[in-house]
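S.K.: So the sequences go chain by chain: F and Z.
The opening residue of the first sequence carries number 1 in the numbering used here; numbering runs sequentially from there.
The opening residue of the second sequence carries number 1 in the numbering used here; numbering runs sequentially from there.
No lab work stands behind these hints: they were computed from the structure.
On a predicted model such as this, the values are computed, not experimentally measured, just so you know.
Among these hints, one or two may not hold up.
The calculated lysine to aspartate or glutamate pairs, modelled on DMTMM-like cross-linking and capped at a C-alpha distance of 25 angstroms, are [said to hold, decoys possible]: (1) Lys310(F) to Asp104(Z); (2) Lys188(F) to Glu205(F); (3) Lys203(F) to Asp104(Z); (4) Lys188(F) to Asp104(Z); (5) Lys68(F) to Asp144(F); (6) Lys3(F) to Glu304(F); (7) Lys310(F) to Glu192(F); (8) Lys27(F) to Glu274(F); (9) Lys154(Z) to Asp135(Z); (10) Lys138(F) to Glu192(F); (11) Lys194(Z) to Glu175(Z); (12) Lys292(Z) to Glu205(F); (13) Lys121(F) to Glu235(Z); (14) Lys27(F) to Glu192(F); (15) Lys137(Z) to Glu235(Z); (16) Lys203(F) to Asp144(F); (17) Lys154(Z) to Asp132(Z); (18) Lys292(Z) to Glu194(F).
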Amino acid sequence: MNKYAWVALIIIGLLAPFVVYPVIMMKLLCFALFACAFNLLLGYTGLLSFGHAAFFGGASYITGYLVKNSGLTPELGILGGTLFAAFLGYLVGSLAIRRQGIYFAMVTLALAQIVYFVALKAPFTGGEDGLQGIPRGKLFGLIDLGHVSIVGGSPLGLNLYYFVFVMFCLGFWIIYRTINSPFGQVLKAIRENEPRAVSLGYKVERFKLIAFVISAALAGMAGSMKSLVFQLASLTDVSWHTSGEVVLMTLLGGVGTVLGPLAGAFTVITLQSELSSAGSWITVIIGSIFVICVLLFRRGFIGELGRLLKRSL
Amino acid sequence: MDITFQMVMSQVMLGLNNGVFYAILSLGLAVIFGLLNIVNFAHGALYMLGAYVALLGFTSLGPLIGMPDFHLNYWAALIVAPLVVGALGIVIERTMLRRLYRFDHLYGLLLTFGLALIIQGIFTNFFNVSGDPYDAKPEILNGVVNLGFMMFPKYRLWVIGVSLLVCFGTWYVIERTKLGSYLRAGTENPELVKAFGVNVPLMITLTYGYGVALAAFAGVLAAPIYSVSPVMGSEMIITVFAVVVIGGMGSIMGSIVTGLLLGMVEGFTKVVYAPASSTVIFLIMVLVLLVKPAGLFGKES
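Bound-form chain F, shown alone (with noise of 0.2 angstroms):
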């Protein structure tokens, strides 16, 4: 990817709203973030995880009663949010990373099972309801997130678009970084080949924990961002459904690509708001596409595409 292609992304998203219905938009980010931080792991690092929506959901309840029942700046409520992502993923991943393979998705799908109990459970997150009406509240004390601006006669929410936005930059930037950098090669050393990155001296645990957490963290962000855009907590955003769904955009889009889980999550999401009239459908239609993108296209659109120019993207 050069300078240009990414000076265009940026234009891209910066014009978004004006074309697009903000909101969409929004959740785009929100789920784009979502995969790429789940591809970190599954990308670059090798680790399948089917917990994912124990991070993203989990922290979308804590910035939801931060911000709503705390009366917290939505700045402070997403950083509560991701917080607890990140010492959530510490304990998952702890536990996870004793096990290999097929047994690694099957624990992070079982402790996010009971992040799925306690959501349901507890007193403050309101059971099947959730949290509703979550208010989106002044950035720094300061800029009304809730504003809506004429813009050619219809409504923008733009102030929070623009947030989520850079909010998004930087978690992709993040991303962008650590896979890039000397621990980014570790990463992918382990993926290549475990036992020779052991034998090589490297404490592989630990840069697998690191890898989960950072993943688990953003993956946090993301949905703390989308309790302020949705103003909504759920039991789905902790369901295996999320999960299934976050691992089906980085599959969909190009695993182990940087603009993969981008591509993925517009597809998915897309998919959806076209075909919300479907009803359950839905679920036959994204697990049609499962089996498909599994055995036809295991490289993804963006995979497939770097294949066809033999560069990677």
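Here the structure of chain F is known, so what remains is to put chain Z in place on it, guided by the hints.
M.R.: Positioned in the frame of chain F, the structure of chain Z alone reads:
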């Protein structure tokens, strides 16, 4: 509230009833994993499918084939549902899973996850998520038996008995017969077994078929106890995954024993501290990961 012996025993027996389902399902997962190296995420969905074959065979099959008086009875369903689901499993293995053996094992998990979503989605579309009752329980299994310390429903006793029979029968075939020795050899080194003239691909296909047929069998057994619903499988599969992590998939007997024990522990928790009963298996999993990461019956790699 005092905890009496009766209360503990009755919950433990009911727990054992859940435990046999965990045992059959984790046994199926272990058999499939042994030979195919795939964790079958669709196991829960196929368990649900087994229950629906029984339900629909009883309520809708007759009218569908123009014989409104025909009902597939419970005993027939116990045979038919595993055959139908087993056949579906064979088709899945032949057309899809087969293409993935060369790749990372994770793709098998992802593919079967997709299949689980498809099956569950189809049934959610046509049936009530809160479930439909299955009223075909045979006359002879109605009523209760006096166990001395409690009155226990006959049907549940039958479920426990027949499940244990199927579990230990499977264990016997795999560990003590010639057919089983091919299977175990295939698990250790498929290439070598192939060189001896054993049709390994066929063996793999039939193993997958048998594994999912077990799930369907459990589904039919469960149908008269729980209401038959599209989400019964997904609720089950995550718990069974935890059971499998606790027991380790390396040993057939290990997965049976772990399933039974955890069911009883779950029942026991219901007496001692009811709110924890839905999470106790997951908490035990955490404990096992801390103390013996390879699982109770697993080998350290």
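S.K.: Broken hints, numbered, in rising order?
M.R.: 10, 14, 16
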